[in-house]
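Construct all of the structure, not just a fragment, from the sequences and the given hints.
In the numbering used here, the protein residues as written are 1 to 366.
Be careful, since some hints might not be right.
Distance windows between CB atoms, simulated [said to hold, decoys possible]:
{"#": "1", "residue 1": "Gln242", "residue 2": "Asn328", "range": "17 to 27 Å"}
{"#": "2", "residue 1": "Asn285", "residue 2": "Pro239", "range": "34 to 44 Å"}
{"#": "3", "residue 1": "Ala44", "residue 2": "Gly256", "range": "46 to 56 Å"}
{"#": "4", "residue 1": "Gly256", "residue 2": "Arg225", "range": "50 to 60 Å"}
No wet-lab data here; the hints were simulated from the structure. Glycine residues also receive a C-beta, built at the ideal position from the N, C-alpha and C atoms.
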Amino acid sequence: MVFQFLRFLLVITGTIVGVTLAYGITSQYENFLDTENAELKLAALLGCIGYLLCSMAGRELQDWLESKIENTNSYDLAWGAVGLLMGLVAANLLFIPLYFLMYRGFGDVHLSNKFFQSLVPLFHLVIPFFFNLLFAFLGIRIVGRYRSSQERMVDGNLGVPPKVIDTSAIIDGRFADLLRIGFIEGQVMIPRFVVNELQFLADSADGTKRGKGRQGLDLLNKLTREFPDHVILSNQDFPEVQEVDAKLVQHAKANGATLITQDFNLKRVAELEKIKVLNLNDLMNALKPIFMSGEEIEVQVIKPGKEQGQGVGFLTDGTMIVIEDGGNSIGKKVTTTVTNILQTTAGRMIFARIHPLPPGQPTKRK
Numbered sequence: 001m002v003f004q005f006l007r008f009l010l011v012i013t014g015t016i017v018g019v020t021l022a023y024g025i026t027s028q029y030e031n032f033l034d035t036e037n038a039e040l041k042l043a044a045l046l047g048c049i050g051y052l053l054c055s056m057a058g059r060e061l062q063d064w065l066e067s068k069i070e071n072t073n074s075y076d077l078a079w080g081a082v083g084l085l086m087g088l089v090a091a092n093l094l095f096i097p098l099y100f101l102m103y104r105g106f107g108d109v110h111l112s113n114k115f116f117q118s119l120v121p122l123f124h125l126v127i128p129f130f131f132n133l134l135f136a137f138l139g140i141r142i143v144g145r146y147r148s149s150q151e152r153m154v155d156g157n158l159g160v161p162p163k164v165i166d167t168s169a170i171i172d173g174r175f176a177d178l179l180r181i182g183f184i185e186g187q188v189m190i191p192r193f194v195v196n197e198l199q200f201l202a203d204s205a206d207g208t209k210r211g212k213g214r215q216g217l218d219l220l221n222k223l224t225r226e227f228p229d230h231v232i233l234s235n236q237d238f239p240e241v242q243e244v245d246a247k248l249v250q251h252a253k254a255n256g257a258t259l260i261t262q263d264f265n266l267k268r269v270a271e272l273e274k275i276k277v278l279n280l281n282d283l284m285n286a287l288k289p290i291f292m293s294g295e296e297i298e299v300q301v302i303k304p305g306k307e308q309g310q311g312v313g314f315l316t317d318g319t320m321i322v323i324e325d326g327g328n329s330i331g332k333k334v335t336t337t338v339t340n341i342l343q344t345t346a347g348r349m350i351f352a353r354i355h356p357l358p359p360g361q362p363t364k365r366k
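Structure representation (structure tokens):
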């Protein structure tokens, strides 16, 4: 209802401007139209043009405002209303001297050009309108920035950029542990379109996808209950963008946020857009223990290796150990000595040999 009223005011303003211009033109140029009732006909023509133009502009403006409000939560709307009110109050307080100047100082001014003289009342209307519009916009922007800084200050994360989580990181779930122990700082933003993608997976006929979707939704429910002021759902959307990954990049860019993901391709695209990316796989690889040649490791041989006589085992962090003489120890826990370490794109691989257990053996790493 409010938008329809504002649209009505815009249409009326456009019509009045058209009619005023028509009378201004005919008063200055008396023979502008060689016809009877020239003023009336030109006023009707320009008034209709102003009506049509402002009607189309008002419709587009109404649709744009409604879409923005639908994608904004009530908390942000309340702060926006405060900024709007403060901007309008400041505009009118500052505009009081100009009001006196316009209506008293220039009220009796008569210009030699009748056309410009006819436009004086129009400027009395247009100038205050745009002055109020400018200060209303500034008020909303200033209050919005103040609110964001206060929220970060309350959280103790002033200057820390927010984090945007993608679907792969939510399904994986390891970021939740990092959040609980305090390694992830700043506000964590979960875009609504990511939640929609998780819901789509949860409703899938494929059992694996359905399980991943439900796991992700359960994790989000737990986090929003544990950290109600830290983990928020963002309604910001980008209707012109179709792909979820592209929406994530735009969302992080618009909010100056850091993107947390496990998707290697998404990481590369985000880095091209100058967005900071935290890849959980890179983090886990960086946190794996570092072994030196000659160091002892206790590991269980799980399966035979590719070469004759080899056995393969794994550390608790997933690092693969190739035991060169462990083919006969499958299913047993053995003590090995590191002989070589190979760093690959998939991670770190350790080569070792079975080492006899000497007396007074030092504590082994597992």
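Could you work out which earlier hints the structure fails to respect and list their numbers in ascending sequence?
1 and 4
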